[in-house]
Amino acid sequence: MAFSIIGDMFLVLLQMICVVMVVAYLITRTASFTRVLDGLVTWKSQAVLTLLFGALSIYGTESGITILGATANVRDLGPMVGGLACGPVVGLGAGLIGAAYRFSLGGFTAVPCATATILAGLFGGLIFLAAGRRFIGMHGAVLFAVGMEAFHMGLTLLLCQPFEEALEVVEDVAFPMIIANAVGVFLFAFIIGNLIAERQTKAERDTYLSELERKKAELRIAHDIQMSFLPDRLPEVPGFELAALSLPAKEVGGDFYDAIPLPGGRTAFVIADVSGKGVPAALFMALSRTVLRANALVPRSARDAVREANSLIAEDAKSGMFVTLFYAAADPAKKTLTYVNAGHNPPLLFRSGGGRPVGLKGTGIILGVMPEAEYGEKTINLQSGDLVLLYTDGVTEAINPGEEQFGEERLIETVTDCLDQPPTEIVDRVRDAVARFSGDEPQFDDLTIMVLRVV
Amino acid sequence: MSGHVEITGRRAGTVDIIAVKGRLDAGSSEKAEELINRVLDDGGRSLLVNLCDLDYISSSGLRVLLAALKRLKKDGGTLRIACAQPQILEVFTMAGFHRIFSLSPDEAAALAGFTAGP
Numbered sequence: 001m002a003f004s005i006i007g008d009m010f011l012v013l014l015q016m017i018c019v020v021m022v023v024a025y026l027i028t029r030t031a032s033f034t035r036v037l038d039g040l041v042t043w044k045s046q047a048v049l050t051l052l053f054g055a056l057s058i059y060g061t062e063s064g065i066t067i068l069g070a071t072a073n074v075r076d077l078g079p080m081v082g083g084l085a086c087g088p089v090v091g092l093g094a095g096l097i098g099a100a101y102r103f104s105l106g107g108f109t110a111v112p113c114a115t116a117t118i119l120a121g122l123f124g125g126l127i128f129l130a131a132g133r134r135f136i137g138m139h140g141a142v143l144f145a146v147g148m149e150a151f152h153m154g155l156t157l158l159l160c161q162p163f164e165e166a167l168e169v170v171e172d173v174a175f176p177m178i179i180a181n182a183v184g185v186f187l188f189a190f191i192i193g194n195l196i197a198e199r200q201t202k203a204e205r206d207t208y209l210s211e212l213e214r215k216k217a218e219l220r221i222a223h224d225i226q227m228s229f230l231p232d233r234l235p236e237v238p239g240f241e242l243a244a245l246s247l248p249a250k251e252v253g254g255d256f257y258d259a260i261p262l263p264g265g266r267t268a269f270v271i272a273d274v275s276g277k278g279v280p281a282a283l284f285m286a287l288s289r290t291v292l293r294a295n296a297l298v299p300r301s302a303r304d305a306v307r308e309a310n311s312l313i314a315e316d317a318k319s320g321m322f323v324t325l326f327y328a329a330a331d332p333a334k335k336t337l338t339y340v341n342a343g344h345n346p347p348l349l350f351r352s353g354g355g356r357p358v359g360l361k362g363t364g365i366i367l368g369v370m371p372e373a374e375y376g377e378k379t380i381n382l383q384s385g386d387l388v389l390l391y392t393d394g395v396t397e398a399i400n401p402g403e404e405q406f407g408e409e410r411l412i413e414t415v416t417d418c419l420d421q422p423p424t425e426i427v428d429r430v431r432d433a434v435a436r437f438s439g440d441e442p443q444f445d446d447l448t449i450m451v452l453r454v455v
Numbered sequence: 456m457s458g459h460v461e462i463t464g465r466r467a468g469t470v471d472i473i474a475v476k477g478r479l480d481a482g483s484s485e486k487a488e489e490l491i492n493r494v495l496d497d498g499g500r501s502l503l504v505n506l507c508d509l510d511y512i513s514s515s516g517l518r519v520l521l522a523a524l525k526r527l528k529k530d531g532g533t534l535r536i537a538c539a540q541p542q543i544l545e546v547f548t549m550a551g552f553h554r555i556f557s558l559s560p561d562e563a564a565a566l567a568g569f570t571a572g573p
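Sequences listed follow chains A and B, in order. Yeah, the first sequence ends on 455 if you go by my numbering, and it's all consecutive. Yeah, the second sequence ends on 573 if you go by my numbering, and it's all consecutive.
Worth flagging that the hints you see were computed from the coordinates, not collected in a lab. Positions of the beta carbon are idealized from the N, C-alpha and C atoms, including for glycine. Any given hint could be a false lead.
[Stated by the list, open to error] Chain A side only, calculated, beta carbon under 8 angstroms to chain B, not exhaustive:
1. Phe186
2. Gly364
3. Ile365
[Stated by the list, open to error] Chain B is nowhere near these chain A residues, computed Cβ spacing over 12 angstroms in every case:
4. Ser104
5. Gly132
6. Asn341
7. Lys361
8. Ile366
[To be verified] Taking lysine-lysine pairs in the DSS-like style, the calculated list, with each CA pair at most 25 angstroms apart, reads:
9. B:Lys486 x A:Lys215
10. A:Lys361 x A:Lys378
11. B:Lys486 x A:Lys216
12. B:Lys528 x B:Lys486
13. B:Lys476 x B:Lys525
14. B:Lys486 x B:Lys529
Could you put the whole structure together from the sequences, leaning on the hints where they help?
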């Protein structure tokens with residue numbers, strides 16, 4: 001007999017748990033509820049939630065578990081959770097709905113039961129406020145449910161007459177009601193906790209993704225800036241064969257090359273490497289290239305063009321940005337090359353007669369460091385078949401999986417082996433040699449090559 | 456490519472000494488920049504960069520040194536570089552750094568330079 005009573009109670013409780021679970025799931029997924037979680041309390045969402053939790057309270061009354069003739073119910077559950085999770089307005093509102101329904105049913109416990117339901121919503125709401133307009137979490141909520149139901153029982157004993165009858169009812173239903181309401185609140189708290197954790201994870205993921213998106217966009221912008229400032233195709237330069245290639249690294253640096261037609265049939269060949277990465281480096285590259293172009297077009301010597309460009313660039317250089325630059329004015333009529341090397345990797349001059357190439361070494365300081373810097377220039381005589389290889393350190397400093405650098409020696413070997421090929425072929429061979437050498441190592445720096453041969 | 460680098464900081468009197476060992480390249484210069492900036496943020500105005508055991512410096516390494524120099528110049532501080540090895544000096548010379556940095560043959564000489572003034 002005792003077993004079947006406990007069994008029945010367990011079944012009814014289980015049934016109730018299922019209903020509460022479904023209701024809890026549905027309520028917490030409403031837009032109104034998520035708005036409250038976001039701290040956006042509107043009258044409309046409060047009204048919706050009040051009705052929902054009020055309806056749950058009515059269900060609580062209707063679904064009472066009858067034990068030995070006394071009915072244990074979860075009428076307080078809706079108002080409690082409404083108050084705990086959504087504040088005093090929803091709690092009190094749901095409590096009033098539940099209380100009104102209970103009161104309409106009459107009976108000798110009507111007054112204390114209705115009062116307890118209103119207070120359940122109010123107290124839940126006050127706890128919400130005390131917790132800083134937040135849901136207090138599972139432990140606090142369950143503890144509150146136990147306390148509230150105990151208080152409910154106390155209220156019944158206090159207000160119902162005769163006392164003996166009240167005591168009898170309370171003795172029968174106290175334990176099941178405390179358990180049922182605590183379980184109900186636990187279910188709600190569990191689902192709300194899940195929802196909060198889920199939303200937090202989503203928010204973190206969103207932040208991470210948008211950060212990633214921003215970085216990607218920045219890289220794309222930097223890449224676009226850089227590419228837009230590289231010549232689409234090199235001009236026809238009388239007396240020279242010309243080829244160039246620039247492969248920006250993933251985290252874009254600021255290499256650039258240029259061939260600028262000068263007055264008097266001459267052409268200026270430029271290769272440069274801007275320090276730094278990303279958008280700042282790309283913008284600095286754009287600035288440097290423009291300044292240099294503008295200064296090259298004024299009839300003046302190579303050293304004056306570079307000196308003037310440097311003084312302008314240095315004024316704009318922030319946080320240690322600088323440019324290494326090789327600038328060479330070629331005169332096909334005189335077959336001369338007049339160059340200024342501002343801290344750039346010495347380009348290699350392969351003479352048509354063979355032998356080791358000569359490095360066209362520095363004649364001045366890198367651009368952007370000293371506004372008043374002076375630059376030297378050197379002039380070399382060119383012969384038919386001479387070849388000049390200009391490159392940036394992305395070529396020689398490419399790393400293989402063994403952390404060795406490609407180095408100048410390998411570069412010289414590669415070019416020496418294909419000196420008789422057209423410049424485009426030489427550029428491709430160098431690119432391929434570097435790619436083969438690096439293997440799976442990611443390209444770390446921009447890689448720029450320019451080959452020019454005297455016809 | 457991470458670059459094998461070891462960056463350490465210490466103080467000698469009023470001088471902050473930062474020693475960079477190994478390779479100062481694109482992969483490691485950020486680390487060096489962070490430490491230097493921390494020292495300067497804490498009010499360091501005399502910075503000695505010890506390059507005795509630096510094997511290699513790339514343009515990003517140069518940028519870090521240059522940024523430190525620019526910042527110190529603006530704040531009225533001093534930067535000295537001690538005992539750069541021949542291959543480092545070659546890069547410095549190529550970039551023209553020997554003309555803007557105070558280079559000392561060893562740490563003692565660099566420290567003496569701080570008290571003697573520029």
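Consistency of the hints with the structure:
1. For A:Phe186, the shortest C-beta to C-beta distance to chain B is roughly 49 angstroms, which exceeds 8 angstroms, and the interface hint is violated.
2. Among the interface hints, the one on A:Gly364 holds; its C-beta lies about 6 angstroms from the nearest C-beta in chain B, closer than the 8 angstroms criterion.
3. The beta carbon of A:Ile365 is positioned within 8 angstroms of a beta carbon in chain B (closest approach about 3 angstroms), and the interface hint is therefore held.
4. With a closest Cβ-Cβ approach of about 71 angstroms to chain B, A:Ser104 is found to remain outside the 12 angstroms limit, as its non-interface label requires.
5. For A:Gly132, the shortest C-beta to C-beta distance to chain B comes to about 35 angstroms, beyond the 12 angstroms cut-off, and the non-interface label holds.
6. At roughly 8 angstroms from the closest C-beta of chain B, the C-beta of A:Asn341 falls inside 12 angstroms, breaking its exclusion from the interface.
7. Distance check on A:Lys361: its Cβ comes as close as 7 angstroms (rounded) to a Cβ of chain B, failing to clear the 12 angstroms threshold; non-interface status is violated.
8. Remark: the non-interface label on A:Ile366 conflicts with the geometry, its nearest Cβ contact in chain B lying 5 angstroms away (cut-off 12 angstroms).
9. At most 25 angstroms may separate the alpha-carbon atoms for a hinted pair to count; B:Lys486 and A:Lys215 meet this at roughly 20 angstroms.
10. With a C-alpha separation of about 10 angstroms, the suggested pair A:Lys361 and A:Lys378 falls inside the 25 angstroms cut-off, and the hint holds.
11. Note on B:Lys486 and A:Lys216: the hinted pairing holds, with a Cα-Cα distance of about 23 angstroms set against a maximum of 25 angstroms.
12. For the suggested pair B:Lys528 and B:Lys486, the alpha carbons sit about 22 angstroms apart, so the restraint of at most 25 angstroms is met.
13. Of the supplied pair hints, the one linking B:Lys476 and B:Lys525 holds, its CA atoms being roughly 23 angstroms apart against a limit of 25 angstroms.
14. At most 25 angstroms may separate the alpha-carbon atoms for a hinted pair to count; B:Lys486 and B:Lys529 meet this at roughly 22 angstroms.
Consistency with the previously given hints fails for numbers 1, 6, 7 and 8, ordered from lowest to highest.
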